Every structure is written in C-alpha cells, then in structure tokens.
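All chains should be built: construct the whole structure from the sequences, respecting the hints.
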Amino acid sequence: MSRIVSSLIGPRVPAAELQSHTARYLTPTLIFMAARIMLLISIFLPYWHMELDAPQYPNGLFLTAHVNHLSGDVKEIDGLNHYIGMRPLGEAAAFERAASIWVIIAMVLLVEGAAFVHSRWAVLLALPAVTFPVAFIADLYFWMRTFGLSLDPDAPLSSSVKPFVPTVIGEGGIGQFKTYAEFGSGYWFAVACAGLTIVGFYFHRRAYKPLFDRIRQSRLMAGGAP
Amino acid sequence: MERPKQSRGRLTGMAALLCAAAATGVMVCEADAQQEGRRRRGGQQEARPIEITPDQVAQLTRIANERKLNVDDLLSAAKTFMPSGKHDEYVLFSSGGQSGQVYAIGVPSMRMLRSIAVFTPESWQGYGFAGMNDPVHESLKINGHPVLWGDTHHPALSETAGEYDGEFLFIGDKANARVAVINLRDWETKQIVKNPLTISDHGAAFVTPNTDYVIEGGQYATVLGYGYAPIEEYKKHYRGMVTLWKFDRAKGKIDTDKSFAMELPPYWQDLADAGKGASDGYFFINSFNVEMATGGVERGNPPFEAGASKRDMDYLHIVDWKKAEQVFKAGKFDTINGFPVISLATSIAEGLLHFAPEPKSPHGVDVTPCGKYMVVAGKLDPHVTVYSMEKIKRAIETKNYSTTDEYGVPVLDFDAVKEVQVELGLGPLHTQFDDKGYAYTSLFLDSAVARWSLGGDYAKLHKEQPWKLITKTSVHYNIGHLSAAEGDTVSPDGRFLISMSKWSVDRFLPTGPLLPQNFQLLDIGEPGTAMPVIYDMPFPVGEPHYCQMIKADKLKTWTVYPEVGFNPHTMRLDPNSPRKGDEGVTREGNKVLVKMTSIRSHFKPEHVEVNEGDLVTWRIVSLETTMDATHGFCIGGYNINLSLEPGEYTEFSFIADRPGTYPFYCTEFCSALHLEMMGYLHVKPKSGVVGPVYGPVSGK
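If you read the protein sequences in the order shown, they are chains F and P. Mapping the first sequence onto this note's numbering, position 142 (from 1) lands on 159, and the numbers just tick up by one. Mapping the second sequence onto this note's numbering, position 676 (from 1) lands on 690, and the numbers just tick up by one.
No wet-lab data here; the hints were simulated from the structure. Computed from a predicted structure; not experimentally measured. Incorrect hints may appear among the rest.
[Unchecked claim] Under the rule of at most 20 angstroms between Cα atoms (straight-line distance), these lysine to aspartate or glutamate pairs were calculated in the DMTMM-like manner: (1) P/LYS336 <-> P/ASP507; (2) P/LYS594 <-> F/GLU199; (3) P/LYS482 <-> P/GLU433; (4) P/LYS93 <-> P/ASP507; (5) F/LYS92 <-> P/ASP596; (6) P/LYS618 <-> F/ASP230; (7) F/LYS92 <-> P/GLU577.
Encoded structure:
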C-alpha cells in the first residue's frame, strides 16, 4: 500500500539533500506558488471584454466577463438582443459562473498538490490549471454559438437578422453595431498561471527526476522490484 | 560545499521579488482593466493648434464677402460657434416670463438646451398631464383653485459660501407670489410654495450666501393675507412684506414651518439681494412709490406712473435677517393667515429694519462680490448710487438718522452711507460684476450696457480711475436685466455677459406683431473699451427677466434616474413601482389597478380592459437605464401624457367615464419599433351597446 502511495507521490527528499540543494527543490515549489497566486488574482479581474459601437451609442456599450459574473451594459445589450430574439446574457454559462470560484480554488489546490507530488503524476494534478485558458475560450465560444444560433424565430427583427455566431475575439458586427472583443487582464493572469506551471514542471523534473532515478536505481541494485 | 544559509537568503529574496512582481502586475492590470472597460475605439480626436492655409483664407474671405460679413463678425462666429458634440462652458438658467417656465441655454453657443416646466403645465415633460390628483396640479392650486400659469422673474441658483453650488434653482412667480424649487439633479420642479400673505410679488427669488433662506420680496402692497380694504385706507391697511423661506437642503425643499415674513410699509418693494462677505447677515430691497400714490386716473387723479415717481428719493430697505431670525425664533411675531409675520413695530423696536434714501424709483440693488458695496440703479436717475456697508453699519450704530418715515422706520442719513455716485447714462437698471474690478450696468433708455470701474479694494484689479464709466456697448433694444458669468457671486468669472433685451425690433425676421425677445451675448473678456456683442439669440417663449450663468461643470446632473422605479416627486425609489414580472391588471369592485412596465419597444400589459365608470389607478415604470432612452405614455382622449425618463416611475388615476377603445402609445420616438410601442385601453360601455361600427355589413 505504502509503495503504491510512494510511487504516486514520488520520493521524499532526504533532509541532508534538501539542506545541500535547497534552491533546486524550492524553485519548482516557488514557481508553482507564483502560478497559484496568478490564478487566484485572476478571479478579481475581467477575463473578457466586448465593446459594441453604434452611431447612437457615442460612448459605446461594454460587456465585461469575470469568471463568476458579467458586468457593464448587460441590461442595455439584453434589451437590444431581445429585438433579434437572443436570450438574456445572464442565462448563458450559468453553471460555469456559479462553479467558477470553486473550480479555480480546486485548481489552485491541485497545483499546490503538484508541488508535493514528486512523481510524473504531478503533471496530472496541474493539467486543469494548464488547460484552463483554453477551456475558458472554448466555453465562451460554445455559449456564443449556442445563443447566436438559437434566436427566437418570433422576435421583432427575426426576419431581418438571421442566426449567426458572434465573434469571440477580434472584430465582428451585427446590424448597425461593430463589435470588438478581447481578453481581459484576468485571462492573461490565467495564461500566466498556465505558463508558470509549465515552467515549474521543468524545474520540478530537474529536481526530482534525478532523485527518482537514483532511488529506482538503488532499488534495482538491491534486487527489488522497480 | 553549499552555503545553505546564504542560499536560503537568496531564495527568500527571489520569492519576495516574485510576489512583488505579481502584485505590481495586479495593479498595472487593474488600472488597465479600468481603462479598457471604458475605452472608446477611434475616440475623439484631440484638438490641435490650427493653421489656416492661404487657400482656406481665400475661401473664408469669399464666404465672408458673399454673406457680407466683416472681420468682427468672423471673430464673433469663432468665439461662439460650437461644433457638433462639443459642450458649452456655461449654462444660463433664464426665467421664461409669462410662459411660467425656466429655460436653460448654453453659453457661448446660445443654444437652447431645454425648458423646465414650473408654473405652467407642459406636455412634453408630462408636467400636469397625469390624470386626477396629479401632484403637479395640486402644487399649482391657489386656495383650491388651479392657477395654470406664472410670470417667472428671478432665478436664484443655490449657493454655498456665496458660490453657485449647482444643486438647486429657485424662481419666483410675480403674478401669483409663488416660489418654486427645482432640483438640478433631474432638472425638475420639486416644490411650489404660495405666499400666504400677498397675491403678487417681485423680489423673488434671492438666496442668502449658504442658501439658508430664499428671499421673496413683495411688490404691490395689498392687505396682507389676501384681505380687503378700500383704496382710501391705503396707508392704514395696505402693507408690503418680505418673506424668508427656510430652505432644507437635505430634503431639497423649503420648510414652510420654519419660514417667516416681515411686515413692511406699503411702498412697492422691488428687487432684493442678499449681503455676503462684509454684508453677510443683511439683505437689501429697493422700493418705489414711497409717495404711496393710489392712482385712479379715471377719477382725475394722477396715474400710478406719475404719482409713484414724484419724489426724488425712495428707500433702500436694509434688513438684518440674522437678527430677524432670532426675533422669529424668540416667538416675537404675529400670525396672518396662519403664517408668522414680524410686525413693523417689532422690526423697528428690535432694530431689524433701516432705510437709506435712494434716488428716484430705483430698480436693482446689487451687492458687489466682496459684499462691501451695494449698487443701486436709479431708473429715473442717470447715476448708480454706491452704498458702503461699513458706513451703513456705522450709521446704524451711531443712529445717524436723517428722519423716520411715516411708520417710524429710521432713515439713515444719505451722505453718511453713500460711498459714491457714478453717472452712467439713462435708465440704469441692474448691475453685474466681473473678475477684473469692473461693474456692468444695464441702461434701459440708452439701450446699452455700461462698463464702469469699481473703487476701494477693486481699484488694484484694473488700470482705470476708480468709480468711473469706461465704455458703453449698444444693445438691441431696451435692455432689462443683464447677467455676467457667475456675475452675482463672490467670485465672478467675467468673460461673458448676457443682455436681456426686451425689444428685438429689426434684429430678426418679423414673426407677426408678436416679436421674440433678444438675448445678446457680449464678450467682456478684454479690459478697457472693447466689449462687443457677439451673438443674438431670439427668445421666443415669453418675456424673460433675470437669468444666471453657472459654470457647466458645477452641475451634477443625473442622466438617468439612480434606480429603476424612482419617483421624481419623492426623489426616492417608490415602493409602489411595478417590477419586471409584476405586470398585470387587478380589480377590486370598481377599482382597477394597472401595473405596467415599459421598455423598448413595448408596454406590458398591452391590453387593459376596464368597465365604464371604473376608477383606474395606473402605475407605470420605465425599465430603461440608458441615457436618453425616454418613453412617453399617452392615452388620447383622456388628457394624459407622461414623460417616462430612464428609471422613472409615475402613478396616475382617472375615472374611465368615456367608453370606447383608446389606443395608448409611446409619445417619444424611442426605437426602430417605436410606432409599435402601443396598446389598447378598452373601456366597456355600461349599456353593453357597442358604439358605431362602420365597414362591410354582414348579410345580404
């Protein structure tokens, strides 16, 4: 049993080794810590912005998505969307927004776990945090597409505006509106977290791989099972 | 051999650096996000210094010659033209005279910005078109009777420490002795108080430097409290008055319970102004007809115009209002028509009221920015007379009286209180001030604005001789009031001055026998003799009196109501406002309650069915939160029209006594589907008989 556990979490670092190569073992831990901080900070920052410009809105309309809420001119945009039969934005990704904080905390804990797991399984723990930015954009696209393609056929303007897929990033347009969408700082923090986690794994591997190999070697030499 | 301690130190350092980097990142990004959130793509271009090419000069010259414009005209155009999307620097709040309203105009473009309904129902603003028991109509009643117009005279912006604070605007109705309170958050009238003592007034509204009180001076003496006495008993029973309305800034309303009046002799009190700085605690009122002429041209008596102009001197009223407030609080007052009035005898005994002689039938009394001088314009005297507050105070202390009037009011010695008299021209009326030590006086008969230099502390602001006429600019024609930028505050801005010319004669295309008034903009930015008229604006809605010009950035205007369901009458969220999802029609006996929401481009519900004779209460709210997304709501045939500004809630009621099918619709073009924003009020006839139906008749 303990062998399974130890093969999962990998070898512990002998105290003497830690004492003599502190930097080597602490570096991945600190990088993971920085990654976790990035991800936590991202909760408070906008992930995505969209600006909608039209002649009668000289200051533009703005939509901002945080992981757990939408802000900006949501009401006005919903009001306009009703003309083309698009459902209110608040109905999109309701589950994701409700779960987002817990999911992020879980990812933070998993990355924290990765710092303590000194085997290749650590990669598995960090995988959610690494893929999170991609998952976010995929989910955003999914909802935009779903909403854009399922317009109410009985809406006032449904004869003039056909179902469409709104632009997730970059310039788009609908009716007299031009839309500009881009990632917000929170998203870049999440990307930074993913990046740091990957960098962390370089140092993680550099620190623990030799240790792991040495132990396996010694086991083999002792004639035990690998 | 590693040196762990040192290495650990390095690591701790690294960790701290990382955290710091992260934190900096957060701050930078946060700032980014805030900008990002409101950044406008391809936003406004920054103004750069221009250069006019020779080609453009040629083009400009050609246009000017074609249009017969001279260089001064071109400069005037450059000073006043406001390109699309640029905002004026000042807002002029003008009385609208007999229209009963207030008008806001941008300066220097002189573009009319909007009207504010005050004493006259106004349908665009839905002011007074909300069925029975409309609070607007209630506020317009006098002794139970609707009085549906007013003669607005003098607007007064609220002040803090003698500066306009941009929060409230007060205005008096001369015809009916009323004072209105307008809140400059939403530019709507919030309160109208009727003076319980007098039918008509003139000296309203003027505020004390911190807007503790709104001053309403009377004009034509009557028997106070709407009483009656034959004109033969004029001296005995007729009286003038001044009312001090206590303003409760937190509530945004006049507190009538803490307000009081002072009885005055039956001279005709005219304009007023509150002291400030050196004269804080006092206010001043002019008077004419100290002759107490009673007219009767039809009986062979001299008409009022002659009788009231006989004497060479009238009386400047000097009122110590801070002392009067103490007297009022001490309960030393009588009650007329339920309203506290400090009697003339008490005023004299307590030293609240002094007179100073002033030349012949004066009109305006204007306090200089520092409060040291009072400028009285003689109307029938070519001078302005400047009084010194220091001298007035000394004369009061030393009881330097030349006489007392018929009612026992002490009259200060003219020479003891006069600082100087400056000869300006014919028909001086009102005076305003700038930041360069100049005063500006309107000359009615000369049809001119006079610029003259102040003395005393002001002498160091200019290079002129003190107390001297510098220049006059002709205006067109018959100027009444004038208004310089913040020109009656403790710190005038100079720059612009409005001449409120009462006759326009040939200035505009003729518009039938009734011609517009003429608001003329003068550039007073340069010292010395240059003071050109740079714009004429026809004012076509009434004969305005005074106006005040406030720096636009002092106004903290709401562009949408702060919450959906906001009631402008109570200035708070209304618990009765329907919410989205609450809509419907309910009935209790013959009482029907309609809860309606409006948003582009529909009302909900769209059908309201009632029976003939039902009492219908209709609660309607705009769910809009976007600037300028205003809806109207009218029921044709029932005299109902509302303006539903974003977030606004209104309740109205009516008796559905006219059966039929009444379309209701949005009266403010709100959206591409505005015409579709309608519904039907179905009033089912009692008889059950359907009215006339035209069209193809069934059967053979």
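For each hint, the structure was consulted:
1. P/LYS336 <-> P/ASP507: 29 angstroms, violated
2. P/LYS594 <-> F/GLU199: 32 angstroms, violated
3. P/LYS482 <-> P/GLU433: 13 angstroms, holds
4. P/LYS93 <-> P/ASP507: Judged against 20 angstroms, a Cα distance of about 17 angstroms means the pair holds.
5. F/LYS92 <-> P/ASP596: Given that 20 angstroms is the threshold and the Cα spacing comes to 18 angstroms, the pair holds.
6. P/LYS618 <-> F/ASP230: The given pair, whose Cα atoms are some 74 angstroms apart, is violated under the 20 angstroms limit.
7. F/LYS92 <-> P/GLU577: With a Cα-Cα distance of about 13 angstroms, the restraint between F/LYS92 and P/GLU577 holds, given a limit of 20 angstroms.
Hint compliance for this structure: hints 1, 2 and 6 are not met, and every other hint is.
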